Amino acid sequence: MANADCIVLQGGNMAECHPVGFQWVSEAKARGAVVIHVDPRFTRTSAVADKHIPIRAGSDVVLLGAVINHVISNDLWFREYVLAYTNAATLVNPDFRDTEDLHGLFSGFDPETGHYDTSTWAYADPEGGGIDRPGGPDEHGAEQSDRAAGEAHGSGGPSLEHAKVERDETLTDPRTVFQILKKHYARYTPEMVEQLCGISAEDFGYLADAVTRNSGRDRTTCFGYATGWTQHTFGAQFIRTAAILQLLLGNVGRPGGGIMALRGHASIQGSTDIPTLFNLLPGYLPMPSAGRHDTFTDYVNSVGSKKQKGYWADADAYAVSLLKAWWGDKATAENDWCFDYLPRLNGPAGTYQTTVSMLADEVEGYFVLGQNPAVGSANGRQARMAMSHLKWLVVRDLNLIESATWWQDGPEIESGELRTEDIGTEVFFLPAATHVEKAGSFTQTQRLLQWRHKAIDPPGQCQSDLDFFFELGQRIRAKLADSDDPRDRPLLDLTWDYPLDDDGNPDPESVLAEINGRHLTGDKAGQPLSAYTEMRADGSTEGGCWIYTGVYADGINQAARRVPGGGPSPSQSEWGWAWPADRRILYNRASADPDGKPWSKRKSYIWWDAEAGKWVGDDVPDFPVDRAPHSMPDPDLGGPAALTGDDPFIMQADGKGWLYAPSGLVDGPLPTHYEPQESPVANSLYPQQQSPARVMFPREDNLDAPSAGDFGVDVYPYVFTTYRLTEHHTAGGMSRWLPYLSELQPQMFCEVSPQLAAERGLVNDGWATIISPRAAIEAKVLVSERMTPLSINGRTVHQIGLPYHWGVGGTDAIVSGDAANDLMGVTLDPNTQIQESKAGSCDIQPGRRPRGEALLELVREYQQRARVTVETDNIRITDPAREIIDPPPASDPPPPPGADGDEPWGSRW
Amino acid sequence: MSVSEFDSLRPPEPAGGKRAKRRRRSGGGARSWLGRGADGGRDMPVVPDAQFTSYYGKPVVKPAPWGEEVAAYLFLGGVAGGSGLLAAGGQLTDRPKLRRNARLSALAAVGLGGVALVKDLGRPERFLNMLRTVKLTSPMSLGSWILSAFSAGAGVAAANEIDRMTGDRLPLGPLRKVLRALEKPAGIEAAVFATPLAAYTAVLLADTATPTWNEARQDLPFVFVSSASLASAGLAMVTTPVAETGPAQRLAVLGVIGDVTASRLMHRRMDPVAAEPLHHGKAGTMLRWSEGLAIAGGIGTLLGGRKRPVAVASGLALLASSVLTRFGIFEAGIESAKNPKYTIEPQRRRLAARRAAGITDDSITTA
Amino acid sequence: MGQLSGPTDPAADAHWDINKPRKGFFTDTSICIGCKACEVACKEWNRNPRDGDLELTGMSYDNTVALGASTWRHVAFVEQGHDAIERARESGAALVSLGMPAVRGGGSSETVTAATDTAPPDTPEFRWLMASDVCKHCTHAGCLDVCPTGALFRTEFSTVVVQADVCNGCGTCVAGCPFGVIERRSDGTVEPKTKRGNQNEQQPAAIGANRGGTSAKSAKTQVPNAGIAQKCTLCYDRMVDGQTPACAKTCPTTSIKYGDRADMVAQAKERVAQLHAQGMTEARLYGANDNDGVGGTGSVFLLLDEPEVYGLPPDPRVPTADLPQMFKRAGLAAAGMVAAAALSFVKSSLRGRR
Amino acid sequence: MARRSFLQWPVLRQFRSGDVLGRGPAVTSPHTRALEPRTATADRVVQSICPYCAVGCGQKVYVSGEKVVQIEGDADSPISRGRLCPKGSASEQLVNAPGRQYQVRYRPPHGTQWQSLDRDTAIDMIADRFLETRRRTWQDTDESGSPLRRTWGVASLGGATLDNEENYLIKKLFTAAGAVQIENQARI
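Chains as they are written, first to last, in my numbering: chain A, 1 to 909; chain B, 1 to 367; chain C, 1 to 354; chain D, 1 to 188.
These aren't lab readings, by the way, just hints derived from the structure by calculation. All of these numbers come straight from a predicted model, not from anything done at the bench. Treat each hint with caution, since some may be false.
As the list claims (entries may be wrong) - Which residues of chain C face chain D? A partial, calculated answer using Cβ under 8 Å:
hint, residue
1, G6
2, V65
3, F126
4, D165
Stated by the list, open to error - In silico lysine-lysine, BS3-like type, Cα no more than 30 Å apart, as pairs:
hint, chain 1, residue 1, chain 2, residue 2
5, D, K60, C, K257
6, B, K97, C, K20
7, C, K347, B, K184
8, C, K20, D, K60
9, A, K454, D, K60
10, B, K307, C, K257
Ideal placement from N, C-alpha and C gives every residue a C-beta, glycine not left out.
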């Protein structure tokens, strides 16, 4: 990021949320880079940016789409890069229909199920039709969504049956990705940006100019985003819009380019790599689904076809190694490596589905591990009520957080909805160990694993999660030791024999060694694997997470490397270990031109050394190291062997960056603007108001405010958006108990513009009550010009900012206050199952909120006034006949497909 | 403002903690134009000086963390010093009652003053640290040494008086001789440190960044010695028969003249804004009463000093005047420190004046 | 004897025979992101108690309000609109056009000319200033000179430090500081609000405080150094070991720089010239002039508006600079009092004799 | 002894040393002269990583007498170069937080207060609950007969401050037990 010439921070507040990471932005800025911050609020990031562009929350796709349109229509794209490294020239299935043709929907939507059949989105098969996902065209969006498929492919592109595609290098065929893209974004104009985002043509021009001026051979632009993009009903598409733009401008795989995901937690990257997520197994292997993955063969074929390009073609080796790591000698070729030991999904099992299942008394027991759903989950009341239905609850944390004490002092106790004596939940609170009281690795946001050494033993009865779960596993296995029930075999056969220390606790390094994997047979039997390329599908290797293989190469904990400053190399590679294979920039083959030469001296990073016959440079080449720039292997080879010399995107099934996603996403192959679930603004681009494929929970305890055009929209006339402050940490479990942090931001507050303050009679430092269809909360008021009313479609839209760190209840918290998340409804992105919490509708009034029953009465009174029902906002297809402001032009004949590159690995700062 | 019928169910707005109240008060007029951060340009309905901005109306300097004990000490120190002088005068001019009463007054005042000072320390048990160093730059340090020196003399002198009053019944033994031998030198020693004791407190206040005190640095010593004179004289008039209070009455009148003149001069010579706290609020009231009482006491002394009741009444008026002077000036200083206006405006003015005079190399702000 | 005003080497002035370069901060507010890491790192290192009454102040994101006994770094937040920005630019430009040399006679001509003819960029509609304030460690420190006990002293690094084991809390230094930095720590914590949680326990536990059992919870920790004047020590204890002060070390954007004061001033001048060259005439330095009322400060700041906007005095003057004159006046007054008394007795005696 | 300490009287040192104004070396106390940072006197220093956000800043943890006495940035880290944000800077307080819990607590069904429980019993009880629930809520197949082999009765929500090794064991154990509702903050 420090190498960038232009940095666009959007959907995130980097200076505030990642102050230390921001030093690289500061450094780039000091060297002359332009820093632009696009955000609903003027934040600490804006304060030090060259320019702040206020935007309406949730309208980012319009803005970026318009930049894409600007780049294409003014011919500002990086031709050589786009032609060689992206799927711009690839042809798409002729049956594909764009949103331009179908009033905001893509072809294949089933209004009954709310899911897309994605088969028409595929690349054109030279033999006719489209190239399906392996395993046939039968997987519908439904199932993909249920598996949160978008995230399942987080580490690279989803699979294709094969990689033989048709290309038109002139990009003139209307079925090329490029032409589809061009048409798709043709109506994303500066005028539309003005209308929907509230951004003036002048500001738009500044952004578009800065980005394009700072892209090309000699310059690179970098995007940084955070939850301002992900927490939307089509959040994955926000990121893809940026990815498309970055690919068009040639800013992926190059120093100072890329899209930086700015993640919020110490190991949030790690907990998706080695996921505690329902839909994934370690290394982004999907959890098997009932019906589709009944056999191991079905499963591995669907993960990565042997005929596709790139490293996912070896998915079988990764899967077998994982199963060998878990079930050891019990996993054999005969029993499909114990594949049947894995439980199966038949629908989503995310946090919010779990909440609903709790309310239905289907979930009995719940482990809450260093997490505070009573404060941190959207629709907090629903989350707390759900917990009151549990039979037992285990909370492991440092402090008595709200999630451990809701039965005693939660908001529902105060309002009288719950009575402590009536709550049958058995609650275990177990004190946890802090980060210095245990050894282990965190994976930071750039995929770097860093080992923490243990400083002291946990005090008192505190215990690390590693020790706890190891012990729990031992107890469970002991209790089942005599069982002959086949369902207990997976537990009894599990490899659970880690070397123990003096206190009987497992050695964390031995777990890391298992994750890394080892050879099981041959000369090297017992030795650690040094790269995932050594993994085999024949049972001769084991490894718990293939992308982490190499972290324990040579039996050395590479994550613990601590050479000061990372050593002399520019990639600072002697500090920690980056997955995969210690690469610091992914897809870095793209940092050289198709001939293997750096695009420019200034931006050189990896290049082809013709004499040595290999790729060399400042980083580990993310490419077969001896694959010459112009080599053209037989595509039928499949896997890495099939990568041509100019296929830098080695995890994508066709080796190209995807401008258009022929598969892998469930809500459209191209990012399209829809309004948030509840929005006082009508979608001017399409008749379709909300994302048709969003995941909805139409329930009485999860009502939505009327959207533009519906009755009652003026009852909740304002947009609220939630965010973090630098002084606190998420739901406050690690900050509201700390005096030094609490004093810096002691009270829950809301931020409003002077105009809104005048409109509602709000006074700086006074109180306000904010009411949504879910809840009403109170907050102190900060009146500030940092909040800007936006002119949207001719009317003024006020936005209210709400930090979400406070909660009610908890013991010994130094500060407490109402939780912003209580206001939030639950509606999810179908790709990721992440909730929309960056935009919602509300009203605001001066004064504190009522207490007790009267609080519920207030919320009800608003609901009645707005006549909200479970139907509100929960209709999939918006009636195209309804009045809209800017009807789309008559549609042209459908052009064919393009592609897209989801680039969640980001790139280096 | 009202939301709905639920208003009655809302918790009452808290009355505001101690600090919150202080905040609003210190903001005072400032708050209205400081509601928008330090952007003083707009919305400045009541700002006299359009250039004046501050940080949310928060003070720039901090007031001394002194309670009223210190204001009391200013008074008591003055009384002690003046009494020390009167005692020496009595000693030298052979006025035994004046001498005795003044010595006792001096000891009582300096004793009470010392207690007040120690009580006001953050760590009273460490009061002896005051004699850890001799800090020539520190009025507090010099004052501590002066106070100690004065107390030594005053103590010995007063001890003699007490011993005599009890009919030599103090259990002193052979020390009585020593005590008697030291009596006269001690009385003179105390007198030597008497005026520094009365005067140094003015420097103690002036040698601060507290705007009103610092601005008064030229004339505050004169106000303080005058006030000390009239107060100690007033006390003598209360304690001592008129037969021996002639000098005290003279001193009282001179003190009143000095006090009124020096105070007026002081107000005139100060930056008008920095002088404001002397005229406003509690401090202003106290200082107005102080002047009135001084004049009344002076006139009373002049006209009826020979009559004991009038002398006593005048003496009390003078004592009260001195108390009010000290408390008034003390209070005005504390108030001036709490309002950024008194720091910023005079400073801006003097900076501008220097610049206008062509002195541009001594600003803390540089390009 | 040492000096009371004007440029000098403070350590030499205090008769240190160890020859150490003067240390100081350069706080460049133009790159501050207002994260307050400096405040926290400072408190954590110095084990200062939590401050304030845990209520929102309504002052933008500033909830610690000012420097004080327990807050030795304070980040100010100022929100400004177009007009205020314009005025800041003008006042900054006026400084440049005064042609004020940064140091009398010092080779500073290169910094003066930088910005005058550069067309300023468009004035933005809005800006949010953030600035981390700290003790100035003045060349002539009012607090130090008025301290009666020697608790405040000048270190070999020319910084000004309170010795907590000496201070008796007389409070003179508090009034002696023209910047409102030093403060006496109150012995009680703020009264608990209508909130749970024992406020006493919110203070940092003494090192080695018992933990690992419930007893740790009930052990009420006393406010450390109550009743004693407290302020930034520039982490003297770290400096003697060659370490960087906690705030400067943690500052994510290097807005707080630490080093030899001469280097800091040089960097500051370079930076202000750079900003002027970009047309940011609002940039100016604070404390870099040894001819100012405190003889220059050890902590130098780059500000983007007038000092008072940040709560800093526009023309501070160390009160002790006028001390000789004050002593003179006091001496005169004392003499007057002696004279008055003498006169009273002389006249009385005459009258008495008559 | 008394004589020596009298000679140490700063007033005498003032005039002996030439520091007549009592500004410098003349007035230092023995404590001041012996000052040492606790980072220098720590028993050991351990390299660690900040537990808050995902930047992954390096930390140095100073330990004295088996207590953490200081946590500050690790200047060797190329990621953070020794810097920390306010949260990272407060890490020592996270470890030694005034409200931190050191005891297992147990709330029985319908109970109004916490009770204490030893850890061993607690883990045993949790294992029992886990197995009971699993038994009660086991699903062998879906309605069409495809294998499910899972329990819908046990769920988990893990914070993203868990180590990779911890996540791995949790995933491994829960998956083997057939629990599928394993989620973490990455999704929130």
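Checklist line | Structure versus earlier hints - violations, ascending order | finding: Result: hints 1, 2, 3, 6, 10 break, sorted rising.
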